[in-house]
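A.B. asks: As a plain string of letters, each chain reads:
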Amino acid sequence: MRVIVFVFAFLSLCQLSAVRAESVVVKVVEPYADMHTGPASEFPIFHVIERGERITVLKEHTGWYKVMTEDGKEGWIAKAALASTRDVDDRPLLLAQNNFEGYQGRTWEFGIFGGKLDDVNAMSVSAAWILTENIAAEISATQALGDFSDNRMWLVRLQHYTFPEWRLTPYFTLGAGQIRTEPSATLVQSGADTRTNDLLEVGAGVRYYLTRNFVMRAEYKRLTALTERDEFEELNQWTLGFSVFF
Amino acid sequence: MDARVLGLFLAGTTLITAAPVAIGQETPPPVIEPELDRREIREADIDSENFEIGVFAGQISIEDFSSSSVIGVSLAYHITENIFAEASYAQADAGQTSFEILSGGAPFLTDDEREYTYYDLSVGYNVNGELFITDSTVFNTDFYLTVGGGSTEFGGDSQFTLTLGGGYRVLLTDYFALRLDVKDHIFSSEIIGEEKDTHNIQYTLGASFFF
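Taken in sequence, the protein lines are chains A and B.
Each step along the first sequence adds one to the number in my numbering, with nothing skipped, and position 43 is 43.
Each step along the second sequence adds one to the number in my numbering, with nothing skipped, and position 196 is 196.
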């Protein structure tokens, strides 16, 4: 499961490598903008930037922007305050919208889920690439730890969002992957082996756009493990989780 | 004859292609305008620091197997000013049970099985604050509570693990923080016989970078 950490690390590196231009200077056009001592609304306001003042935007942290005034004061302003500033040519700033419109225009989505695989606790992480407003390609890794075995699965799937223009939309998934079942220590002594099988998946779920860049998801999946025995092994997976999108 | 036709043809095409150039030269060259259409400021121009990568070390008390030092790594994504998601991975070597020590008998576990590793995926909630060292030395801080699930590999088995935690983060700069964490890892174990829920409490000190 170190893999998960590496995936996260890789994704964040990707973000790091985004090209950044020279310092961003903007002009306050609203009557004033509050400057907080930290990146959250709870932090006290220690300075007020007046209309017409120019500020340099230094960095962003969870929707808050660290800025520097012309006389060298540094503090944090809210996204809404920065969004209503203008650049030196009097054009409004293009900030990603953290609202439903932004949700509809998303390209990446990362999620964590908890639930049950048959009777066993299971946890998953997922990454999705939104191809069109209806279709997304997703990859997920799951670990399900039971009394008798440790199951790890990876799956690649396509998702179809039925009503992308609604906050609450059903969706359907179709996927394939693999499951690796490692029997627990007591069973190893009785001769059970670790085995890996191919896996097919059909599923349905609902997703709800919560707020900012959060989505809640509830899902049911029917998994078919293609075993070497005469019968296929059928598994039912229920999950509940949330994802963040960019 | 053929050569002459070709010559005429070539001359014609040269004239035609040359014509626009000639006209172009007659009109005055355009004044070099300042680059009016400057690139608009986009969000990508602003450095965002929502990921936090950290290392931590401390003590973990592994139920029935005494206390050991633990070392690990963590990666968090801060979603809002209050909520973050964090993945962590850590490792410890379990000690001996009291029984093993007192009886001097055969060990319960092999050295490999004594290796205690876990990962967890947690969601945390921050309560923001400030720490006043002196009048002018002030650090932003947050106290947080986390809940998560993961897996612990110990005694030759992996077990689903519920993780409850709390911690305190002091931001020495915008991007560098010191952290104190307390976490309880709860999983069911039957290593020493009867199956029971074990509580494995860990406290660690860590350092992290935002990027």
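One or more hints might be untrue.
Unchecked claim - Below, a sample of chain A positions facing chain B; criterion: calculated Cβ distance under 10 Å:
{"#": "1", "residue": "Phe43"}
{"#": "2", "residue": "His47"}
{"#": "3", "residue": "Glu50"}
{"#": "4", "residue": "Trp64"}
{"#": "5", "residue": "Asp118"}
{"#": "6", "residue": "Met123"}
{"#": "7", "residue": "Ala127"}
{"#": "8", "residue": "Asp147"}
{"#": "9", "residue": "His160"}
{"#": "10", "residue": "Pro164"}
{"#": "11", "residue": "Ser184"}
Stated by the list, open to error - Just so you have them, the derived chain B footprint on chain A, three or more residues with Cβ under 8 Å:
{"#": "12", "segment": "174-181"}
{"#": "13", "segment": "211-223"}
{"#": "14", "segment": "226-240"}
As the list claims (entries may be wrong) - According to the in silico footprint, chain A covers these stretches of chain B (three or more CB under 8 Å from chain A):
{"#": "15", "segment": "77-89"}
{"#": "16", "segment": "136-149"}
{"#": "17", "segment": "153-167"}
{"#": "18", "segment": "196-209"}
Calculated from the structure, these hints are not laboratory results.
Beta carbons are placed, not taken as given, at the ideal position from N, Cα and C, and that holds for glycine.
A.B. asks: List in ascending order the numbers of the hints, as given earlier, that are violated by the structure.
C.D. replies: As far as the earlier hints go, 2, 3, 5, 7, 9, 10, 12, 14, 18 are violated by this structure, in ascending order.
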